[in-house]
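Take the sequences, apply the hints, and build the full model.
The chain contents come next:
Protein chains: 2
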Amino acid sequence: MAQIMGKQSIKFDTRVGILNSASIVSKKEGEGPLGELFDVICEDPIFGCESWEEAESTLQKEAVTLVLGKARLEKENIRYLFAGDLLGQTIASSFGLLDFNIPLFGVYGACSTCGEALSLGAMAIAGGFADHVVAVTSSHFASAEKQFRFPLEYGNQRPLSASWTVTGSGAFVLSKEYSDIQITGITPGKIVDYGVKDSLNMGACMAPAATDTIFQSLSDFDYLPDEYDKIITGDLGYVGQEILIKLLKEKGYDISKQHMDCGIEIFDQDNQDTHAGGSGCGCSAVTLSAYILKQLQNKMWKKVLFVPTGALLSTISYNEGKSVPGIAHAVIIENITM
Amino acid sequence: MAQIMGKQSIKFDTRVGILNSASIVSKKEGEGPLGELFDVICEDPIFGCESWEEAESTLQKEAVTLVLGKARLEKENIRYLFAGDLLGQTIASSFGLLDFNIPLFGVYGACSTCGEALSLGAMAIAGGFADHVVAVTSSHFASAEKQFRFPLEYGNQRPLSASWTVTGSGAFVLSKEYSDIQITGITPGKIVDYGVKDSLNMGACMAPAATDTIFQSLSDFDYLPDEYDKIITGDLGYVGQEILIKLLKEKGYDISKQHMDCGIEIFDQDNQDTHAGGSGCGCSAVTLSAYILKQLQNKMWKKVLFVPTGALLSTISYNEGKSVPGIAHAVIIENITM
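Chains A and B, in that order, give the protein sequences.
Per the numbering used here, residue 56 is the first one in the first sequence, and the count goes up by one each step.
Per the numbering used here, residue 56 is the first one in the second sequence, and the count goes up by one each step.
All clues given are correct.
Pairs count within a copy or across copies, as identical chains cannot be separated in the list.
The list that follows gives simulated cross-link-like pairs (lysine to aspartate or glutamate, EDC-like), each with its CA atoms no further than 16 Å apart: (1) Lys62 / Glu131; (2) Lys312 / Glu297; (3) Lys201 / Glu105; (4) Lys62 / Glu129; (5) Lys125 / Glu232; (6) Lys201 / Glu375; (7) Lys130 / Glu117; (8) Lys358 / Asp235; (9) Lys357 / Asp284; (10) Lys62 / Asp277; (11) Lys66 / Asp186; (12) Lys62 / Asp186.
Source of the hints: derived by calculation from the structure; they are not laboratory data.
Next up, the structure:
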């Protein structure tokens, strides 16, 4: 079933297939470098809804509907949902997933939530607790700005270290059924706090957590970075990427050749005015579905370490002068036919 | 390892022991009917901290420290934490658990979070993914009022249907080691929305979800209510209890003899001015630790169905005129020596 590896990792000996996935984004993501790869691009960022929160709920609903269709499954075939988002009390998930009538495990790990949902979903499959589960996460630029920063109408200036929250949702069917693409291990992450307090420089807040999880994963499995075609963080952006590579070098691993960041891939820094890169629970999720899994399916890559990264803050913690700790959850995904 | 039961339940064939537990509360809870049973009663509701949020973080930190001590375990022995709270972006957990340096799965199910954390923790043990995990949840009256309702200084009047958020945290060590008290099954719950919009009547919002989960659990395991000494909801309070018993009667199960509600047990309605009863992620957690598990250990009860109940709302969803859906997660706990 599973082997406990080192300090904090798990190797799955039972099959955990990624049976299918779906991605839905809005206009800006559609105009970015990955634009052609997404399943659905909705031009209207509010998706015909009355609020940004409802729009984000719609994203999750559409992503799950889409992935069930692609996997030719009914909602009755899905035993559990693992879902989360960035909003207070994760209301995007609560209202978006209501109609599916599927038991729900709500999860929260800020922008690392996609990694957390995939990890718990994989444990549910590998443990024999379910035949099929769905992991789904979302973020929305406007609901996130409203939640964490300033009302859009205020038109505040963004420093170059700030990231741009991706409007999108990615959903994944995990299954005990055969799939070429499988989750073969996980390294759940710890909270890591270097005391950075700048909520407009989340790359710097999250890089130490990504460092910690990647270091521990390589060490638990006794792998060198070369084991992977890519080591892919969620949304460190340009600022965080530099810190990550430097910190890991100090710990003895050079991942500069393998490293890729979903936040860097999803937008065109020069032409889209997105500064440090994309971010949000949706960023890593839609990049995994639209790009990373396709690269694995097309045998461009054999094995990747997928490491969504989260910044653990709220407006209350920020306004009370607290630091912004980070967390990162690593998932090993491979094409087992290669 | 595990059997899939009916539509949404799991029966654990592998041992999931509740090795130990700890509870910490504040003055008001200490003066209530369960007062003598809590491990720690802190007279100062702000626990010497500078904010209510920090106070709630301290609750979680103390609860985990306490349970590790009682179980004679070091933090290095705990492979994963499953933790959550009611605050936006679950900051009570993020800041309270930072120093333990244990990989964290953040969970959110409103006041049902204790049931969700225990369920996922039990799956981690039964699946062979860990030897010991800790499930911990908290709530704090003042941080919850600030988050969901009005500043305390405003001194708003509370309708009789309103509940009083419990200040407290309960932590549980789940283990593959032997314990008389074991988790033998779970029924993760669905989101259920009857369209109730009154955030000051959460009992009515959550009762349909509790009904759904209890009905499904009894039906999945093919049990009658008599199977259990007690069927225990989290924080339905007096208003929700009446609705639950009525709804389940309509579905063919009379649980009026077995039903107990943590929110009703924890305060003295006549003398503590707590109206409909206690609530919060801490309510069911400290009642489980201080009272329910002791009744099982003392062989007063053999088997209980523990069903924490959550109301899925945020101030944003409430202010945007949305309803308050509910969710409830059921955990079967028994003394296997009886």
